[in-house]
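Protein chains in written order, with our numbering: chain A, 12 to 356; chain B, 12 to 356; chain C, 12 to 356.
A portion of the hints provided could be inaccurate.
[What the hints assert, rightly or not] Quick look at which bits of chain C chain A covers, simulated, 3 or more residues with Cβ under 8 Å: (1) 16-26; (2) 284-290; (3) 327-335.
[As the list claims (entries may be wrong)] Taking lysine-lysine pairs in the DSBU-like style, the calculated list, with each CA pair at most 30 Å apart, reads: (4) C:Lys-347 x B:Lys-347; (5) A:Lys-347 x B:Lys-347; (6) C:Lys-206 x A:Lys-206; (7) C:Lys-347 x A:Lys-347; (8) B:Lys-58 x C:Lys-347; (9) A:Lys-58 x B:Lys-206.
Think of the hints as simulated: they come from the structure by calculation, not from any bench.
Yeah, the Cβ is synthetic: ideal placement off N, Cα and C, and Gly gets one too.
Chain by chain, the residues:
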Amino acid sequence: MPEPLTLAQIAARLGGRVVGDDAVLIRQVGSLERAGAGQIAFLANPKYRAQLATTRASAVVLAPAAEALTALPRILSDNPYAYFARLARLLNPEAPPEPGIDAAARVSPRAAVAASARVEAGATVGEGARIGERVSIGAGCHVGAGVVIGDDSRLHPSVVVYDGCRIGARALIHSGAVIGADGFGIAEDGGVWVKVPQIGGVLIGDDVEIGASTTIDRGTIDDTVIEDGVKLDNQIQIGHNARIGAHTAMAGCAGVAGSATIGRHCTIGGAARILGHLTLADHVHVTAAAVISRSIRRPGTYSGIFPFDEHAAWTRNAALIRHLAELEARIRALEKGTAGKAKHE
Amino acid sequence: MPEPLTLAQIAARLGGRVVGDDAVLIRQVGSLERAGAGQIAFLANPKYRAQLATTRASAVVLAPAAEALTALPRILSDNPYAYFARLARLLNPEAPPEPGIDAAARVSPRAAVAASARVEAGATVGEGARIGERVSIGAGCHVGAGVVIGDDSRLHPSVVVYDGCRIGARALIHSGAVIGADGFGIAEDGGVWVKVPQIGGVLIGDDVEIGASTTIDRGTIDDTVIEDGVKLDNQIQIGHNARIGAHTAMAGCAGVAGSATIGRHCTIGGAARILGHLTLADHVHVTAAAVISRSIRRPGTYSGIFPFDEHAAWTRNAALIRHLAELEARIRALEKGTAGKAKHE
Amino acid sequence: MPEPLTLAQIAARLGGRVVGDDAVLIRQVGSLERAGAGQIAFLANPKYRAQLATTRASAVVLAPAAEALTALPRILSDNPYAYFARLARLLNPEAPPEPGIDAAARVSPRAAVAASARVEAGATVGEGARIGERVSIGAGCHVGAGVVIGDDSRLHPSVVVYDGCRIGARALIHSGAVIGADGFGIAEDGGVWVKVPQIGGVLIGDDVEIGASTTIDRGTIDDTVIEDGVKLDNQIQIGHNARIGAHTAMAGCAGVAGSATIGRHCTIGGAARILGHLTLADHVHVTAAAVISRSIRRPGTYSGIFPFDEHAAWTRNAALIRHLAELEARIRALEKGTAGKAKHE
Chain A
12 MPEPLTLAQI AARLGGRVVG DDAVLIRQVG SLERAGAGQI AFLANPKYRA QLATTRASAV
72 VLAPAAEALT ALPRILSDNP YAYFARLARL LNPEAPPEPG IDAAARVSPR AAVAASARVE
132 AGATVGEGAR IGERVSIGAG CHVGAGVVIG DDSRLHPSVV VYDGCRIGAR ALIHSGAVIG
192 ADGFGIAEDG GVWVKVPQIG GVLIGDDVEI GASTTIDRGT IDDTVIEDGV KLDNQIQIGH
252 NARIGAHTAM AGCAGVAGSA TIGRHCTIGG AARILGHLTL ADHVHVTAAA VISRSIRRPG
312 TYSGIFPFDE HAAWTRNAAL IRHLAELEAR IRALEKGTAG KAKHE
Chain B
12 MPEPLTLAQI AARLGGRVVG DDAVLIRQVG SLERAGAGQI AFLANPKYRA QLATTRASAV
72 VLAPAAEALT ALPRILSDNP YAYFARLARL LNPEAPPEPG IDAAARVSPR AAVAASARVE
132 AGATVGEGAR IGERVSIGAG CHVGAGVVIG DDSRLHPSVV VYDGCRIGAR ALIHSGAVIG
192 ADGFGIAEDG GVWVKVPQIG GVLIGDDVEI GASTTIDRGT IDDTVIEDGV KLDNQIQIGH
252 NARIGAHTAM AGCAGVAGSA TIGRHCTIGG AARILGHLTL ADHVHVTAAA VISRSIRRPG
312 TYSGIFPFDE HAAWTRNAAL IRHLAELEAR IRALEKGTAG KAKHE
Chain C
12 MPEPLTLAQI AARLGGRVVG DDAVLIRQVG SLERAGAGQI AFLANPKYRA QLATTRASAV
72 VLAPAAEALT ALPRILSDNP YAYFARLARL LNPEAPPEPG IDAAARVSPR AAVAASARVE
132 AGATVGEGAR IGERVSIGAG CHVGAGVVIG DDSRLHPSVV VYDGCRIGAR ALIHSGAVIG
192 ADGFGIAEDG GVWVKVPQIG GVLIGDDVEI GASTTIDRGT IDDTVIEDGV KLDNQIQIGH
252 NARIGAHTAM AGCAGVAGSA TIGRHCTIGG AARILGHLTL ADHVHVTAAA VISRSIRRPG
312 TYSGIFPFDE HAAWTRNAAL IRHLAELEAR IRALEKGTAG KAKHE
């Protein structure tokens, strides 16, 4: 644990304007609801504003417009959440991995592992792999032949990277992620499926985070591409030959089918699905659970949830979904004054 | 395999009323469709009632109201399915694990592993971990530093528990589950994502079952909490800071986004999604594939599937979904007698 | 890498009719967009037809009807995609695994592993398992007691097969797949869940492919069955006692709930869900993300996506979904000429 810092010291490091006692000592971040002495909380979502009145945090980070909402010592920042993120890292620094290859790891003599890197027990690293400086490869990971992993990347335990995939610098990959498994390429021939060999790879840029049990398939011929700064939550599926543009973020259980191209600076909500062979422009925002079934050429926010309801009401309304075209025909008949003759009367 | 039991012996152990020959010997459970001599089947779902006439089971468990539906020796129970569950366990007891740490496991000398516990080949147990009595840690599992696992818990192979997570007694965790990976906390700042360090943990109560490849993220600051008796099927995603109330059950592929609070005794159907920062009351039942997009304050059953249809019919009706507001305006115009002047005529 | 082949040699091996210079040498497949000299591309999806004009591939595979679309040397095939699949395999043959059990694998002395099979570092093979000829078991896999794996099957790293499951010949199983975890059988009893022991197994036919992180649960009493030639993409969940008919293919993130029976030669789109205890006939095609909530007795194509829209439009239209029954009542009132007296006017 690092030394505690005063608000003045924090602002000197991270910017922001201190209001109130700037000598208050902070040793850890906390939530408005549960923080105690020595902890600093933040307010970004107005939904939690009421908690300001009762918090026992020693200080708070909030937006200038919210300055008057509390008398606590506070730091004002135009982006309190990002400020909090940096402050939390300052108070919880990550140590570089302890270098060395565990005796119970299995590293090919033809792999190049930087002396500053760490390979834990039960991990395997294949022939021709190149592992950068300060990389950490967790217990039980499997890094295939010819894989390249950039400096300062971290693989938590039980990550699998298939042969030939390339991962940039500062990647953070969580347990259960599988990178480079075969894309789902099958050709129907006389009622039987013929496998299409998947000889492309996966190319992952710098500063990418990949969540637990997320799967990114290798390309059929060319690569599947994840550009710089992409953030993927857990249980996301990226099909073969997809391309995810730089600084796009996708929440848990989202799925991108094969050959879809997603622009830069997009956000894809949890459990949203992007169908195959589509293109999404930059700055497209898809809300949770929407299914995107055609290309989106204009930036904007797109949604598509079927609204839930009490079961009986849903049953009644859902049945009518199957009859919308008939409802429309009945309206048309009424408009034409022919309703009395329509078959639906 | 234990000794076969007569119906009388079974009823003495588990209750229920025997009708017919109570000396029939039972050695195993079976399905109505495929059971043979020496096997006992059950009827709980009326859908399978016709199978009673043809079953070759030696006996059947069913509800008192169904007593007359068969002439086979039978046990009457108010809850035939729960009765069957207990009977199946009686006939298929689980042996406690053979104690010992495999020579190919890697247990920190600063971990405390009960002498009655088992750690299989390739598993790793980190510094400061505390592993309770009769716990079984399967091959290739990774138990992080400071993890606590209560008595009689079982981790199947390839489970990952990140540092500092706590799991209660009698947990059953299936392969591929990942507990305690980072929550998806990222703050946008000038078009780039800043990671919010996830310094909370995961707190799992007693008697919890976690399915294969289910992921439960650690909290941002406070813990993600899974209360006692929760049952999670496969490929469920639980976001950071979620709280799942005691005795709630969730079927496969369900998802709970960050900071959602689900009450006690709820059931969440397969592939249902609970969006973030919502609250569900106790005794809420969400049917399969519904997306819950706002809080539910009253017990009850809630649904939200888009009804499928033949493709051509779906195409026709789905197109009208995008025009519902116009349809409503046309109806309003007709009601006002202004349909002739409306732009949609 | 094998020797390059002329178009004439390729056609002699795989059939098809060569048009143009049949002495062109081909050493690898490529995409229309990126292929270069020595590479052969294909055209199956008309969407990519424009790329024919600019491709730098040395040759192309296409349908007879598309013969005139290019002047490049070409092979005509009635099924260009399947042809391409076979050609890609011809140019990228899979070597049989190098036989042998790694010193860091843990194979039970009571398992039977063919001499031609391979077991990699960190893998475990349980008592009574039978591993066929030329099987490859990747690093960190866990093959339970009594498991049977047929000839020429390949398990990529970190696959888990629970005790007693049986897998046919020529299976291809990707990393993170979990076969045979407990089905989700729980019986409610006085507000608490009683586990139903899952004593069935999983029976997988020949020529089955299983994607990364796909989970297939064992049966409650009888087996869960995956018939010959089934192809499953990533992150698919198959519930207990489901049966998937021969040569059915399912795309990523699809889910099949317990006791569902899917026919032969079906295709299930990505993220589609088949609810429990249903039956789908042979040759049923479910498009992406549809939720199938009742049995389908007739072959055909079935769909069920809620159409996405710009957020504001969606909000407006989705609100009306909850009022469809009222809209219908208003139409009915108009048809009866009683609209003026209806409560909705």
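Would you list, in rising numerical order, the hints stated earlier that this structure does not obey?
-> 1, 2, 6 and 8
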